[in-house]
Structure formats: C-alpha cells, structure tokens
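Could you slot chain S onto chain H? The hints should help.
These protein sequence lines map, in sequence, to chains H and S.
If you're matching positions, the first sequence starts at 1 in the numbering used here and goes up one per residue.
If you're matching positions, the second sequence starts at 1 in the numbering used here and goes up one per residue.
Rather than coming from a laboratory, the hints here were simulated on the basis of the structure.
If you're wondering where the values come from, they're calculated on a predicted model, not measured in any experiment.
Keep in mind that the hints are not guaranteed to be accurate.
If several chains are the same, the list does not tell them apart, and a pair holds so long as it fits within one copy or across any two.
Unchecked claim - Below, computed lysine-lysine pairings styled on DSSO-like, alpha-carbon distance capped at 27 Å:
id : residue 1 : residue 2
1  : 34        : 100
2  : 443       : 34
3  : 317       : 34
4  : 317       : 100
5  : 443       : 100
6  : 317       : 443
There are 2 protein chains.
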Amino acid sequence: MDARERALAYVQQHEADFLQRLAEFVAIPSVSTKPEYQAEVARAADWLIDQLQRLGAQTARFTEGVHPMVYGHLPADNPDAPTVLLYGHYDVQPAEPLEKWSQPDPFRLEIRGENAYGRGTADMKAQLLALLAAVEAVRHAGPQPVHFKFLFEGEEEIGSPGAARVLAAHPEAFRADFCLNPDAGMQGPDLPSITYALRGLAYFELRVHGPSHDLHSGAYGGAIHNPAQAMAELLAGMHDADGRVTLPGFYDRVRPLTDEERARLAQIPFDEEAFLASAGAPALWGEPEYTVLERITARPTLEINGLYSGFIEEGSKTIIPAYAMAKLSARLVPDQRPEDVAQGLRAHLETHAPPTIRWELEQMASAPPVMVDVDTPAVQALARALAQTWGREPLYTRNGGTIPIVAMLQDQLGIASVLTGFALPDSGMHGPDEHQHLPTWYKGIRALVRYFYELGESGS
Amino acid sequence: MDARERALAYVQQHEADFLQRLAEFVAIPSVSTKPEYQAEVARAADWLIDQLQRLGAQTARFTEGVHPMVYGHLPADNPDAPTVLLYGHYDVQPAEPLEKWSQPDPFRLEIRGENAYGRGTADMKAQLLALLAAVEAVRHAGPQPVHFKFLFEGEEEIGSPGAARVLAAHPEAFRADFCLNPDAGMQGPDLPSITYALRGLAYFELRVHGPSHDLHSGAYGGAIHNPAQAMAELLAGMHDADGRVTLPGFYDRVRPLTDEERARLAQIPFDEEAFLASAGAPALWGEPEYTVLERITARPTLEINGLYSGFIEEGSKTIIPAYAMAKLSARLVPDQRPEDVAQGLRAHLETHAPPTIRWELEQMASAPPVMVDVDTPAVQALARALAQTWGREPLYTRNGGTIPIVAMLQDQLGIASVLTGFALPDSGMHGPDEHQHLPTWYKGIRALVRYFYELGESGS
Chain H
1 MDARERALAY
11 VQQHEADFLQ
21 RLAEFVAIPS
31 VSTKPEYQAE
41 VARAADWLID
51 QLQRLGAQTA
61 RFTEGVHPMV
71 YGHLPADNPD
81 APTVLLYGHY
91 DVQPAEPLEK
101 WSQPDPFRLE
111 IRGENAYGRG
121 TADMKAQLLA
131 LLAAVEAVRH
141 AGPQPVHFKF
151 LFEGEEEIGS
161 PGAARVLAAH
171 PEAFRADFCL
181 NPDAGMQGPD
191 LPSITYALRG
201 LAYFELRVHG
211 PSHDLHSGAY
221 GGAIHNPAQA
231 MAELLAGMHD
241 ADGRVTLPGF
251 YDRVRPLTDE
261 ERARLAQIPF
271 DEEAFLASAG
281 APALWGEPEY
291 TVLERITARP
301 TLEINGLYSG
311 FIEEGSKTII
321 PAYAMAKLSA
331 RLVPDQRPED
341 VAQGLRAHLE
351 THAPPTIRWE
361 LEQMASAPPV
371 MVDVDTPAVQ
381 ALARALAQTW
391 GREPLYTRNG
401 GTIPIVAMLQ
411 DQLGIASVLT
421 GFALPDSGMH
431 GPDEHQHLPT
441 WYKGIRALVR
451 YFYELGESGS
Chain S
1 MDARERALAY
11 VQQHEADFLQ
21 RLAEFVAIPS
31 VSTKPEYQAE
41 VARAADWLID
51 QLQRLGAQTA
61 RFTEGVHPMV
71 YGHLPADNPD
81 APTVLLYGHY
91 DVQPAEPLEK
101 WSQPDPFRLE
111 IRGENAYGRG
121 TADMKAQLLA
131 LLAAVEAVRH
141 AGPQPVHFKF
151 LFEGEEEIGS
161 PGAARVLAAH
171 PEAFRADFCL
181 NPDAGMQGPD
191 LPSITYALRG
201 LAYFELRVHG
211 PSHDLHSGAY
221 GGAIHNPAQA
231 MAELLAGMHD
241 ADGRVTLPGF
251 YDRVRPLTDE
261 ERARLAQIPF
271 DEEAFLASAG
281 APALWGEPEY
291 TVLERITARP
301 TLEINGLYSG
311 FIEEGSKTII
321 PAYAMAKLSA
331 RLVPDQRPED
341 VAQGLRAHLE
351 THAPPTIRWE
361 LEQMASAPPV
371 MVDVDTPAVQ
381 ALARALAQTW
391 GREPLYTRNG
401 GTIPIVAMLQ
411 DQLGIASVLT
421 GFALPDSGMH
431 GPDEHQHLPT
441 WYKGIRALVR
451 YFYELGESGS
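So here's chain H without its partners, still in its complex pose (with noise of 0.2 Å):
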C-alpha cells in the first residue's frame, strides 16, 4: 500500500471524525455581517488556530482587515515541491429567519438523511474542513507531496473589505504556486465540477436629486420636475427592448464566447425549468441568442439592487421627493473593468440627465471578472483527481458570481486560482436549511488526497 492508499484509508476511517469536527466549527455562529456577532467570527478563527497547530502548521492571525486572516505554513520535506494555497473563509451568512429552518437551532448541526444541515455548512465550513481533512490524512501517511499555505478569511460574506489590505502587507507569506479555492461548488452529486471564469463586479450608488425638501404635490406638481420621475427615465433608458445593456462602450471589451467553449458550456446539464422554479419568477428573460447558462455565466449584467424615493410607508402621501437613490451594479466578464462602467454610467447620464435635476454618482465595491487558462498543470491535475474519484471527467464551468479574492490574489499577487467544490446546487446557500450532502463530501476529501499527490508528481 503506498501513500496514496493509506491516505484514502485514512479519510475512510475517520468519516466520523471529520463529521464531528463539523459539528463543533458549526457550532460557532461566525456571521460576519452583524457586528454583534464579533466575538463568535473571532472564536472562529481561534479554532482554526488550533487546528493548523494540531496539524503541525506554523499560524499567524493578521488583522489588519475588519475580521482576523488565518494564515498558515506547513512546508514539504522537498523543498523544490510546488506550494498550494489552501483557501477558505469561516464566516457564514447570517441564519433568520430561523422560523423558516426545520431545526430549531441552525447552528447545532443535524444529520437527516444524507444530509448534514446547519448554517454554514455548504458554504463553505465543509469545504474548508475538507482541505483540513485531506492534509491530516497526506501528513499521516507520509512524506507530503506539496508545500502548503492556508488562508482562511473572515470576512468573505460582507466582500471581503479588508482582504487587500491584509495581502498588501504579507505578500511574502502568501507567496504560491497557486490558489486552490473549493468555494465554487459543482453541478451535481455526480458532476464533479472545475471553475475557470468568474464574473466581477462593478456596485453604484446613484442619486438623483430635485427640490430641496419633500414639496405637497398639489403646490408645486406640474412645475417642478419629480426626482422619482426622472430616476425612472434614466434607469429606463439602461437598457434596450432586448435587455440588452445601453450605456456606451459597455460590450466594447467583451471576449466573445468562442464555438469551442460554447460547445463545452453546452455539455453542462441545466435543466432551465428547474432554474425558473427555483427563481419563482413568471418566465425566463434576458438576451436571446444565448442560452440561460450563457447569461447567467458567461454575459455580462447591469442590475437594479435597491430603488428609494419618498413616501414608501403604508397609506398615501401626496409629495414630490426630495430625491431618488438607485443601487445598481453590474457583473463584468473578462476583458470588462469596473472604470469601464463608471465611465459609461457618467456618459449616460450626462447625456441623458435634464437641467431640472442633479445627479451624483458613488462607485462603491469592485472586482474584475476572472478567467484561469484550463490548461495549466495545476488544474489538469485536479481534473485527473476528479476524473479518478467520480469515474467521469470533471465539467468545465463558469459561475456567475463574483468571489473578491479570486481577483485580489491574481491582481496583486500573480496568483491564479483553481475553482471547484463539494456544495451542492441545491445546498441552500444564503437561505433556510442549508446542508452539505455527505457522501459527496467524503469524496470531495478523497479527491483532494488524490489531487495532492498529482501535483507532487507532476511537480506542477
């Protein structure tokens, strides 16, 4: 039996360990989007601490975001070994409306079924505890075959805000061959899945600004140009009948979808009348030469988030507003730039905007789309680690998303990211009842064994 093998027995021995780990790093409810919950992100990562320590791992918390960075470093005997920076982030969403859970407690994890379920469980303690699982059982059963980096963050929930700070101030302690990031999820129990594109992110505040005080409609209506109105007409004209977006040069630095990867992406089973169900909505929309998969992946989006002005309470009020505020984003591909689309918003609405309002516009989050070249030895490796765990090769997919990380890393590191993951779609992510379904997750942690020793030998 060589080391491989009593890795993968490892894994298979300690199913209810790693189980039992969940339910304690489940335990902790690390919400990082509410500050009374500080202390608990913070227990979090004190635990993971603890259990880079069991590991051997030499640890750093760096604090210099807004919730603590878990840095680890646990080297290979070989010094010319590749090193692969293990990503994960301990902070979950928060778990209200709890009436909505079939447990009463959310952060106490149940196994029914196949299923263990908690909050914080899909996305993403599992996965990280996956990485942690299949390092023990390499470290257990010999030499380890790579170097290994751990970053863990706390604050990927709320986007990540002090994430750059903190890799500005430690380039060295991150320095890798690449990232591998399991928070990407796959297409089903039987579909392992490979990310190489993510969408970015360009987030606006724009507000439109008429009178300066409420003004009673019945004084002043037909006079005085109404903000909301005008805010309507403007956001309106975003887009063309066809939804497709209007604001000048958007498109202009998109990368076409090539046949090739238009036939890969085809490969991917989507079953769209799941995806309407599950959105709820009373029919599909968007542009039409591309599939729903395609748009949702692979085009780029400008969306309404929020939209305020005046009276919003319950009964009537007879007011011109003040103002009127619209959140608005859109989600880039490559080759888009954030700049990109502040600079086209600004040209809309400065050729669109009348002289009876002033606008002003804040540009606030922002991450560029990113794209990993499917062909370099880091990713080929995890597929044959995939191919060899499910016995098909893994789906090449893009998700629509936006994960700040991916982008930080490459931008000011040089670090590309492998995607991939053990969540299911319908883990529940963000919602009630989120789980992680078990067998798939012990062998997601068989596959990291595997994926380990490829990237030894192929010496990535």
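Relative to the frame of chain H, chain S by itself:
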C-alpha cells in the same frame, strides 16, 4: 350705528379675547396622523362643542368617522334667511422635527412681531376661530342675518377617510345653501382671494412582482427580469419628453382653459423666481405652453410619490429584488374623473408590462376636481365683503391642492363650497414655525362679519 357696525366694533374690542382663545385651541395637540394623539383630538372636539354651546348652538358629535365630527346649528329668527354651513378642521399635522422650530413648544402659542406662532395656527385653527369670532360678533349685535350650521372635522390632515360616512349618515343635519370653507388661504396680506377651483386626486399603489424572493444577482442575473428595472420602464413610459402624461385618455375630459380665465389668472401676482426658490430645485419644469401658475393649478399631473425595491440600506447587496413598489398620484382638473385615470393606468400596464413580471394596481384615496361658479350670489357677496375690508377686489384663484370634503359635499349633498381664507402663502403650514399673521386675521374676522350681513341682504 347699525347692527353691522356694532358687530365690527365688537370685533375691534375683542381682538385680545380672540387671541387668548387661539392660544387655548393651539395648546390642544390635536395631531390626527398619529394614533397616540387620539385623546387630544377628542379633547379638541370637546373644546369646540363647548365653544358652540356658549354661542347658543345646538351641537352633536358624529362618530361614524375616524375622529369625531363636530356639528352645530344656530338658526336665525327669520326662517327665510339663507343657511350657510361653516366648515373647519380642528386637527393638525405633527410638529416634528421639533428642533427646527424657533420656540421650545410648538403647541404653546408665541407672539413675535405681527405673527402668532404655533402648530395649527394658519392650518387652520385661526381660520376656524375666525368663523366663531364673526358669528359671536354678529349675535352680539342683534338678530342674525343667516342660519348658521357648523361642520368641524378632525381628520382633514389624514385625507378625511371617514367624512363620507358621516355625511351619508346625517344628510339632513348638513343641509345648507352652500358651505363657506376658509381653508384655502390668500395670495398676500393685501390680496384677498376667492378660490374657485381645486384639483382632484387619484392615488394608486403599483406593485411589480418578479421572482418569488430576492435572488443572488450573480446566480440569476441575465436570465431573470429585474422587477425594479421593469418598474422603471413602466414609469418612464408614463410621461413624454415634454412632461405630458401619456396614459391613454388622460387629457380627454380636461376642460380647456378659456382666454378669459387665462387673463384672470394672469392678474394674480406670481413670482416664479420666489416659487422656484421655495422649492429649492435646480430649475422650473413642465408643459411649456402654460404659465407656472397654470401648471400648478389648472393642469393635471401624474406624480411618483414613493418608490421602493430591494436593498436600500447603507452599503451594497447584490440582489435581484423580488418586487418593486411605486406610489402614484394624479392631480385632476375639471372634468377628469379618478376612475378614468385608473382605467388609463391599467391600459398602460396591460400594453407595456412584459410577460416576465406580474403587476397589481390598487386604487387608494380619490377625490374629483372641483370648480365653483363665481357668478353665484354666495360668491359675489363674499367678493363684496372682501373688497369692503381690503379696499380692493379679491383675486379669483385656482388651488392646485385637493380638499376632499369639498368634493364630498358637492357629490353627496349637492352643496357647493365658497373657498377663501386668511392664511398667507409663507405661513409655514405642515412645517416648522407655522404662524398666522394677526393683522390679516383680524381683517378676516371683520370680512366674515360683513359677509354674513351681505348674505342676509342678498337673500341668497
């Protein structure tokens, strides 16, 4: 000295008493818009019942509405005298924000210079007490020239939601030749005014529903229609580039402004720069072929009073909102009908709403527009009384606002209203430092005395 002169002398001698009474009335914080003031609203009704009984009136408290409606009857000896229904509302707006007042307690009347400051002075406790003061003076001077009836409501500031029920329950009690309503103000201290037209109102709440719950814009953006965007497009289509309402049939029943009426309106001193300054907006706006005064009084409008969708807190959240909501109201001019606006809105939505969203439209408050014939004896008697008091003919004005009780009296009981008032345009109604100009108030009381004698003589 005849009765009229005795009554005018009585007013002159009792100005200090009237002012003392205004202080008492203002000290009752009869805020109808807030449930916690309900007992104070009732106390103001009791106080008025007491005032009416001191004048010798029969009184009743009608409770079919939300707040009590105070009724009084004071017949003349001559059964053939005309009956005038004296209208007032005894409820007031909230005083908040308190820190914006120059006095510590808005409900403690303060005299500074020629003005009496306090919440509800101009709107309309001083106007209501002017009626009672003039009736008192007339009764002191000899036989009353007209039958007096009184209708004092406590829910004007919340849109008179129960007034229609009260009128329907007591049609005989309120029977009168016409109603005198001093809630319409005047154009300036030297510009006595008769308001002959009010705009009507049709108020709606529009909801546009998309997905069944807020969606992650990274996972769904591009393939599910954003209801805030659909709302913006639907709203933007309700006006053309010149600010005209595009709802089908919206202008069909608008009575055109005659040259004669435009000439009369042009006589009203109206300072467009001061109007714009009071609004604090960057520029004037509206239908270019009408004057500003015509736009705000004689032309119909469609306003967005409120707008909501999705995430409107500080920061950023990347969702496709489940729904969007707009509060919409049209100001109507003769002969538009609220139900026609509802029909036009529905037609617009049926034509333009895409199948990717659902919409629902709820009609809330509505009131038809009002136009009074200025050639009636009741109006001409008021014109003479105002001219005798101010030494100049009154202005005939249209008011862009809506007074629901005026339309109800007309529609339910066939009673036309004669609209005037002694509140000046800059009296701070609904805002901080509300005040009544006292010399104008005393003049107003004298004008009402003269009016009652003019009415008795005209036999109307």
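Structure-based check of each hint:
{"no.": "1", "hint": "34 / 100", "verdict": "within (20 Å within a copy, 34 Å between copies)"}
{"no.": "2", "hint": "443 / 34", "verdict": "neither (34 Å within a copy, 62 Å between copies)"}
{"no.": "3", "hint": "317 / 34", "verdict": "between (34 Å within a copy, 14 Å between copies)"}
{"no.": "4", "hint": "317 / 100", "verdict": "between (34 Å within a copy, 21 Å between copies)"}
{"no.": "5", "hint": "443 / 100", "verdict": "neither (30 Å within a copy, 66 Å between copies)"}
{"no.": "6", "hint": "317 / 443", "verdict": "neither (59 Å within a copy, 34 Å between copies)"}
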